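Peer 1: Here are the chains, one letter per residue:
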Amino acid sequence: MRGVARLLDRLAFTPSRNAKLVLMRDYFRETPDPERGWTLAALTGALSFDVAKPAFIRKAVESRMDPYLFALSYDHVGDLAETVALVWPGRGEAKLPEPELSEVVDTLRDALRHDVQRLLETWLDALDADGRWALLKLLTGGLRVGVSARLAKQALASLRDVDVSEIEELWHAQHPPYEDMFAWLEGRSAKPSRAAPGRFRPVMLAQALDETNELAKLEPRDYAAEWKWDGIRVQAVSEGGVRRLFSRTGDDISHSFPDVVATLNFEGVIDGELLVIRDGAITSFSDLQQRLNRKTPDAKTIANYPAGIRAYDLLFEGENDLRTLSFRERRGRLEAFVVLVASPRLDLSPLVAFDSWEALAALRADPPQGDPRLAEGLMLKRWDSIYEAGRPKGPWFKWKRDPHLIDAVLMYAQRGHGKRSSFYSDYTFGVWREDANGTRVLTPVGKAYFGFTDEELRALDKFVRDNTVERFGPVRAVRADKDFGLVLEVAFEGLQRSTRHKSGVAMRFPRINRIRWDKPARDADELPTLERMLEAK
Amino acid sequence: MPGDFVIDPVRPVPHAVITHGHGDHARPGHGAVLATRETLAIMAARYGEDFARTSQAARYGETVSYNDVAVTLVPAGHVLGSAQIVLRWKGLTVVVSGDYKRRRDPTCPPFEPVPCDVFVSEATFGLPVFRHPDDTGEITKLLKSVTQFSERAHLVGVYALGKAQRVICLLREAGYDRPIFVHGALAKLNTLYEAHGIDLGPLAPATGTSINKFAGEIILAPPDAIAERWSRRFADPLPVFASGWMRVRARARQRHVELPLVISDHADWDELTETFRELHPEEVWLTHGEDDALLRWCEINGLRARALSLVGYGDEEGEVSSPGESQRAE
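Line by line, the protein sequences are chains A and P.
Just so we're aligned: 54 in the numbering used here is position 54 of the first sequence, and the numbers increase by one with no gaps anywhere.
Just so we're aligned: 167 in the numbering used here is position 167 of the second sequence, and the numbers increase by one with no gaps anywhere.
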């Protein structure tokens with residue numbers, strides 16, 4: 001297990017995406033089958049054990065060491081698996097050979113429940129501290145190393161320099177330890193079969209529209225327009241009795257939306273937006289968030305936040321692959337398909353009629369009553385576009401609504417990671433409100449860590465260092481009062497009510513739009529301005 | 001004991017005996033100082049030649065008498081010049097270990113166990129979670145990272161006295177023969193170690209801006225400098241920290257360390273308890289650090305122990321440093 005333990009350890013401390021890719025790629029290159037395959041399964045969430053509950057691990061360690069010494073240790077470290085990994089007292093016998101991950105997987109598959117404790121102890125005895133940490137994290141399902149399934153697949157793709165969509169497309173037809181896939185990636189065999197019902201098809205994404213330079217060059221009659229709904233993009237697959245719901249990166253999210261999956265009573269593949277739909281009308285993203293937060297929702301949550309799919313596209317109709325047809329053709333089929341399915345959890349994303357870009361711009365700026373008011377903006381799709389995986393330039397554009405802007409005052413700054421570790425680059429900002437005595441005070445409303453240039457970052461960092469009034473570990477409080485402070489123009493996509501934030505509001509995608517060196521802190525925005533934005537919805 | 005001297009005093013005293021050169025143990029301004037030749041040299045390098053009114057060098061094993069108390073300095077294995085202070089008076093032997101470790105260190109002679117009635121021990125890593133791995137494995141991690149991320153500058157946080165030179169020696173032993181770049185704050189002590197016969201191989205100052213900004217190089221710096229503006233001269237720096245505290249993940253994360261190396265000049269839990277077991281003194285006195293767990297261990301293992309809870313020994317591996325520290329390092 002030494003290799004996988006070192007990898008997981010390194011990944012957990014590495015913030016940069018590119019560095020994580022290098023670590024995984026090198027590991028996959030250096031490690032033989034089947035070990036690397038089981039590691040890949042662990043990283044992509046395809047490997048799960050349910051054998052070692054925290055209480056069980058605690059019992060194992062307390063049978064070997066003084067409970068008071070263990071308690072002091074746990075207190076200091078704060079994480080059970082990590083504490084046990086560090087304190088585990090060996091029996092002082094001759095060292096057993098370290099188990100490999102494959103051995104752990106194979107043994108646990110056939111193990112009887114009451115044998116698990118003994119097995120676990122034997123393995124802990126044979127491993128070093130890093131190995132014990134990895135094993136315990138894997139067995140308790142608490143592995144958090146900041147790697148998404150997609151990132152792991154990307155590392156895999158880099159072994160052969162293929163596009164990640166090729167991996168995604170065949171992923172659901174493969175099983176750990178993925179020996180066929182590695183053989184193909186290393187050029188030792190042909191590409192494995194992707195023929196598996198219910199598999200994911202890589203999605204087509206849109207480019208952001210450059211309004212000033214691009215729009216005038218486009219011909220309105222070449223494009224269809226539709227609203228860009230504010231949910232999450234999903235792919236609903238129902239083939240030969242296999243029904244699955246995928247995120248746009250190919251993660252299987254069926255378990256979170258059993259209510260939606262149950263209603264996929266068709267044969268085909270639909271591309272759409274997952275939304276909470278109540279009485280035929282969609283609700284805000286924060287409602288959907290209630291569902292996304294839960295891996296397996298309870299009946300009450302399902303009833304309170306009924307989810308459904310608003311369909312954008314039809315990729316497969318029965319066994320027919322429609323992806324090489326034009327959008328116009330697919331759209332016609334989709335409209336008929338949705339009518340035929342007649343599910344209360346599936347409706348059609350309507351097209352928006354327009355005859356000029358000016359007319360469309362007016363609709364975007366002031367959407368009609370009803371659902372479009374909750375849309376993030378518009379999508380433009382060429383009538384003749386085929387369904388092409390990835391983000392091709394030209395056929396599809398997203399034309400988001402202009403962000404909301406507020407002027408806020410910088411209150412706290414925190415040091416960044418990696419390249420930014422010597423810079424104060426995460427900024428907490430606030431707006432004015434009146435406290436109980438009628439005094440104007442700043443209340444934090446959000447945090448942003450991008451939107452500025454490197455040069456602006458240096459200037460912000462200097463401001464933070466020069467105006468620090470207090471330090472809390474890696475965080476500095478900066479001077480911010482009515483007579484002095486730095487105003488940041490913050491752009492954000494949406495605003496939600498929040499009970500977790502003191503101010504009662506939470507922003508989506510906040511970023512620093514401009515630094516207002518010129519603006520006095522006293523003239524920054526007030527909380528009621530934000531509250532009115534909530535009401536406007 | 002009627003010796004009329006103080007070991008590692010935190011305030012100026014007429015007669016001081018100093019275990020080793022770390023700032024919390026060796027302070028300037030005493031009247032007469034007794035220490036090893038190396039420790040005196042370290043104090044002179046840090047505080048100037050006039051760090052004390054008079055100084056007396058003792059060789060390891062040499063005995064000096066204060067009134068009726070015989071004082072002998074014995075290797076502690078902590079850093080260059082570090083000594084345990086063995087006190088003998090009327091048949092009673094007390095060993096003040098200062099800071100120590102039991103594993104091999106290419107920069108100083110190993111700890112010598114001295115049978116005693118009272119063993120006065122540090123307790124910096126006195127919790128069962130602190131069990132330092134083999135240091136060659138940690139160095140291997142660093143060297144592997146340098147080959148994996150050859151476009152990044154590996155910035156290794158090390159304490160100026162002891163850790164810096166030990167890490168350099170371990171790198172040399174692992175076959176790394178490229179120049180190692182060092183922050184200005186480490187230069188003086190590196191030179192001092194070399195003058196005492198510790199070969200550090202090719203070193204170069206980490207100053208100026210070369211074309212590739214130290215990509216793929218190893219740079220040693222005081223821990224605080226890594227998060228400071230000083231580090232901006234480097235290409236996409238990869239922060240590394242060599243310390244016993246890196247054993248606990250939350251500490252490494254707090255400091256934004258990307259590659260924690262568990263390398264310590266202090267005894268870990270196993271070394272502390274093994275030493276107590278080996279010496280089996282009448283009493284163990286714990287000076288500074290984590291003493292709760294060690295007191296419990298002594299209780300379970302039938303040793304009398306007490307915590308002196310001495311203040312003023314922050315220990316150079318302490319994760320908190322005064323704000324001024326980093327400014328000076330720049």
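It is worth saying that the hints were derived from the structure and are not from the lab.
Take these hints with a grain of salt, some might be off.
Said to hold, decoys possible - Cβ-to-Cβ under 10 Å is the rule here; a few derived chain P residues that face chain A:
id	residue
1	Tyr66
2	Trp89
3	Thr93
4	Pro128
5	Leu143
6	Lys144
7	Arg232
8	Asp292
Said to hold, decoys possible - Pair by pair, the computed Cβ-Cβ distance ranges are:
id	chain 1	residue 1	chain 2	residue 2	range
9	A	Gly187	P	Thr136	29 to 39 Å
10	P	Ala250	A	Pro67	20 to 30 Å
11	A	Asp66	P	Pro2	37 to 47 Å
12	P	Ala250	A	Thr499	45 to 55 Å
If you're wondering where the values come from, they're calculated on a predicted model, not measured in any experiment.
Note that beta-carbon positions come from the ideal geometry of N, C-alpha and C, so glycine has one too.
Peer 1: If a hint holds in the structure, say so; if it doesn't, say that too.
Peer 2: Each hint tested on the structure:
1. Tyr66: violated (39 Å)
2. Trp89: violated (35 Å)
3. Thr93: violated (29 Å)
4. Pro128: It holds, given that the least Cβ distance between Pro128 of chain P and chain A is near 4 Å, below 10 Å.
5. Leu143: violated (13 Å)
6. Lys144: holds (9 Å)
7. Arg232: At about 6 Å, which falls below the 10 Å cut-off, the nearest Cβ of chain A leaves the hint on Arg232 of chain P intact, so it holds.
8. Asp292: holds (6 Å)
9. A:Gly187 x P:Thr136: 29 to 39 Å: holds (36 Å)
10. P:Ala250 x A:Pro67: 20 to 30 Å: Distance hint for Ala250 of chain P, Pro67 of chain A holds at roughly 22 Å.
11. A:Asp66 x P:Pro2: 37 to 47 Å: holds (40 Å)
12. P:Ala250 x A:Thr499: 45 to 55 Å: Given a distance of about 28 Å, which is not inside 45 to 55 Å, the answer is violated.
Hint violations for this structure: numbers 1, 2, 3, 5, 12, all remaining hints satisfied.
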